[in-house]
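Sequence order for the protein chains is A and B.
So the first sequence is numbered by the numbering used here: it starts at 5 and just counts up by one.
So the second sequence is numbered by the numbering used here: it starts at 5 and just counts up by one.
These are computed hints drawn from the structure, not numbers from a lab.
None of these values were measured; they are calculated from a predicted model.
Warning: the hint list may mix true and false statements.
Any copy will do: because identical chains look the same in the list, a pair fits if it lies in one copy or spans two.
[Unchecked claim] Computed list of lysine-lysine pairs in BS3-like fashion (alpha-carbon distance at most 30 Å, straight line):
no.	residue 1	residue 2
1	Lys-305	Lys-272
2	Lys-199	Lys-334
3	Lys-305	Lys-256
4	Lys-249	Lys-331
5	Lys-334	Lys-275
6	Lys-281	Lys-319
7	Lys-189	Lys-82
8	Lys-276	Lys-256
Here are the chains, one letter per residue:
2 protein chains.
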Amino acid sequence: MKIIVDAFGGDNAPLEIMKGAEIAVRELGYEMILVGNQEVIEKVAAENSISLDGMEVVHADDVITMEDAPTSIMKSKKESSMAKGLRLLKEGKGDAFVSAGNSGALAVGATLIVRRIQGVKRCAFAPVIPKDKGYFMLMDSGANVECRPEMLRQFGVMGSIYMKNVMTVHNPRVGLANIGVEPTKGTELYQEAYKLLKASNLNFVGNVEAREIPLDGADVIVADGFTGNIIIKFYEGMAKALFGKFKEVLMKNAKTKIAAMMIKPELKALKKQSDYKEYGGAPLIGISKPVFKAHGSADAKTFKNAVRLAGEYVKRNVVELITSEIKSEKDSEEEDN
Amino acid sequence: MKIIVDAFGGDNAPLEIMKGAEIAVRELGYEMILVGNQEVIEKVAAENSISLDGMEVVHADDVITMEDAPTSIMKSKKESSMAKGLRLLKEGKGDAFVSAGNSGALAVGATLIVRRIQGVKRCAFAPVIPKDKGYFMLMDSGANVECRPEMLRQFGVMGSIYMKNVMTVHNPRVGLANIGVEPTKGTELYQEAYKLLKASNLNFVGNVEAREIPLDGADVIVADGFTGNIIIKFYEGMAKALFGKFKEVLMKNAKTKIAAMMIKPELKALKKQSDYKEYGGAPLIGISKPVFKAHGSADAKTFKNAVRLAGEYVKRNVVELITSEIKSEKDSEEEDN
Chain A
5 MKIIVDAFGG
15 DNAPLEIMKG
25 AEIAVRELGY
35 EMILVGNQEV
45 IEKVAAENSI
55 SLDGMEVVHA
65 DDVITMEDAP
75 TSIMKSKKES
85 SMAKGLRLLK
95 EGKGDAFVSA
105 GNSGALAVGA
115 TLIVRRIQGV
125 KRCAFAPVIP
135 KDKGYFMLMD
145 SGANVECRPE
155 MLRQFGVMGS
165 IYMKNVMTVH
175 NPRVGLANIG
185 VEPTKGTELY
195 QEAYKLLKAS
205 NLNFVGNVEA
215 REIPLDGADV
225 IVADGFTGNI
235 IIKFYEGMAK
245 ALFGKFKEVL
255 MKNAKTKIAA
265 MMIKPELKAL
275 KKQSDYKEYG
285 GAPLIGISKP
295 VFKAHGSADA
305 KTFKNAVRLA
315 GEYVKRNVVE
325 LITSEIKSEK
335 DSEEEDN
Chain B
5 MKIIVDAFGG
15 DNAPLEIMKG
25 AEIAVRELGY
35 EMILVGNQEV
45 IEKVAAENSI
55 SLDGMEVVHA
65 DDVITMEDAP
75 TSIMKSKKES
85 SMAKGLRLLK
95 EGKGDAFVSA
105 GNSGALAVGA
115 TLIVRRIQGV
125 KRCAFAPVIP
135 KDKGYFMLMD
145 SGANVECRPE
155 MLRQFGVMGS
165 IYMKNVMTVH
175 NPRVGLANIG
185 VEPTKGTELY
195 QEAYKLLKAS
205 NLNFVGNVEA
215 REIPLDGADV
225 IVADGFTGNI
235 IIKFYEGMAK
245 ALFGKFKEVL
255 MKNAKTKIAA
265 MMIKPELKAL
275 KKQSDYKEYG
285 GAPLIGISKP
295 VFKAHGSADA
305 KTFKNAVRLA
315 GEYVKRNVVE
325 LITSEIKSEK
335 DSEEEDN
């Protein structure tokens with residue numbers, strides 16, 4: 005397994021990215037290609053005693069920042085570490101590409117450099133998020149602000165394949181995020197997507213009200229990228245707000261402070277478990293090779309988790325499974341006509 | 005103050021509604037008009053020792069259920085307690101109307117029977133929700149699935165008046181729920197609404213990412229009804245999921261169970277404080293008389309809180325303030341032309 009890494013993507017690059025890559029080499033036995041300014045990488049490695057064993061460095065002059073326009077990856081920033089990493093993936097120099105950098109640029113670059121799977125209308129960021137029991141996949145969480153019904157149907161197909169093969173969920177339940185359970189709820193986009201999902205051979209459980217999403221509404225939650233992004237960010241904010249409130253309660257007086265000490269390890273574990281960022285990264289599902297987005301604020305351990313997930317995505321042949329599913333749908337559609 | 009109450013709206017009607025009305029009479033000194041089946045009301049009152057002092061009963065034959073189509077209020081269900089209550093409000097028989105029944109029917113009935121304030125494009129459900137410090141108003145939380153930019157601007161205007169006058173927030177910050185802070189983020193609806201809000205004389209703080217909404221993003225969060233409904237229901241689900249997880253942690257072993265006992269009152273208070281339903285109800289802002297929606301699952305205390313809020317809405321002259329603001333906007337627009 006060889007993973008190509010954008011060493012200069014994310015808030016904590018390159019140090020935490022390099023540390024994460026080092027852990028991945030050591031713990032997972034993967035080989036890595038670090039893409040980025042070679043001089044800086046070597047300097048940071050030396051200063052922080054990071055071993056570059058098992059890693060190859062491929063020099064890139066430039067960096068895409070969070071402020072750069074997504075399309076800059078094809079123009080002014082085509083010599084960036086992200087663009088170069090995607091080209092290496094395209095050329096088959098590694099099995100997967102992982103970046104903690106600018107999401108918009110990553111979606112544009114993956115689509116235009118690596119290309120989508122044939123027949124896939126749009127690729128989507130699909131993070132796996134803790135729910136009451138286990139995890140759900142949210143798709144799309146922000147790559148496509150405007151969607152058409154057929155895109156939402158495909159999100160369901162691709163998410164289902166991921167949850168089944170990577171997360172080993174038996175017969176994943178696919179639900180459509182909506183404002184009520186009736187098929188007539190929501191905008192025209194959602195009403196039409198409901199019909200398409202209903203007619204598919206997915207285990208479609210219908211509309212899922214947002215209240216049920218963090219409980220156990222479905223294993224795959226389908227949404228347009230605007231709604232999905234609202235959901236994932238609200239999840240993050242709510243977790244932060246509520247843990248903050250809990251902390252206030254626990255620090256209230258001498259008695260509660262004693263109680264706090266008694267449950268400290270359990271509470272810490274829960275906080276971690278409720279933090280979807282801990283889980284690592286989100287695949288950009290629909291691209292013809294594995295591309296993963298690590299959270300922008302990823303530290304070494306989170307980044308290593310993203311690398312691990314990317315490895316699973318490769319091992320479980322998710323790209324091949326989606327390719328063949330989309331192709332067989334198309335074939336049977338043509339037979340019908 | 006005389007409040008008209010839909011005695012047969014909501015999951016716990018009529019018992020909890022009647023109990024709530026009784027508390028409102030006793031604690032707030034309001035007069036009430038209970039609308040619904042007179043025989044049943046009198047029977048329930050007798051069986052549960054509910055005093056009908058300070059209450060007038062107005063008979064209505066029929067009830068709108070949660071399954072009825074919103075438009076039924078104007079047709080097959082025009083003799084329902086909700087329809088009749090709205091007509092009493094229209095005729096000036098009371099100062100405000102409160103119902104825990106079918107939201108869609110309430111929005112349609114309020115719009116077509118009581119009518120919107122002149123110049124207001126759409127009315128909106130606008131619950132007040134606990135955030136990290138204080139409360140924010142979410143507008144729209146579900147009355148309008150499809151919106152135009154001008155509607156979102158008006159939501160900002162009306163929400164700002166409410167937060168200033170009823171919640172006594174000085175110079176309320178108005179934010180647009182969005183997927184990023186830049187003015188170019190989101191769908192065309194959000195990009196256009198941003199421009200209109202920016203050009204208004206509101207204290208507009210720009211786009212607010214969903215992550216910041218439960219923290220302290222703004223005092224008024226403007227959204228279309230689809231997005232707003234996703235936000236409020238996700239809020240409810242996340243609170244439920246996280247409190248459930250906390251409970252699991254606290255019940256884990258003998259040590260954590262002791263800690264749990266030590267923080268039980270504080271935790272209970274926090275749970276209540278995080279439950280937006282406790283707060284009572286949501287005004288249907290934009291209607292020419294005060295119409296309040298109590299949560300469908302409202303118990304006596306929650307319903308009483310909704311009645312109290314409706315009373316505040318009347319006392320603070322919210323309808324008059326919105327009417328004059330919308331009129332002055334229109335006048336200055338005509339001057340400009």
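Now the hints, each set against the structure:
1. With identical chains, the CA atoms of Lys-305 and Lys-272 are at most 30 Å apart within one copy only, with a shortest distance of 16 Å there and 35 Å across copies.
2. In this assembly of identical chains, Lys-199 and Lys-334 lie within 30 Å of each other by CA distance solely inside one copy; the values are 18 Å within and 43 Å between copies.
3. Taking identical chains as interchangeable, the C-alpha atoms of Lys-305 and Lys-256 lie at most 30 Å apart only when they sit on different chains, with a minimum of 27 Å there against 33 Å within one chain.
4. Taking the closest pair of Cα atoms, Lys-249 and Lys-331 never come within 30 Å of each other, the shortest separation being 50 Å inside a single copy and 42 Å across copies.
5. When the C-alpha separation of Lys-334 and Lys-275 is checked against a cutoff of 30 Å, the pair qualifies neither within a copy, at 44 Å, nor between copies, at 51 Å.
6. Taking the shortest alpha-carbon separations for Lys-281 and Lys-319, only the intra-copy value of 22 Å comes in at or below 30 Å, while the best inter-copy value is 47 Å.
7. When the C-alpha separation of Lys-189 and Lys-82 is checked against a cutoff of 30 Å, the pair qualifies only between copies, where the shortest distance is 24 Å, while the shortest distance within a copy is 44 Å.
8. Proximity of Lys-276 and Lys-256 under a CA criterion of 30 Å is satisfied in both settings, with 23 Å inside one chain copy and 17 Å between copies.
Hints 4, 5, counting from the list given before, are not met by this structure.
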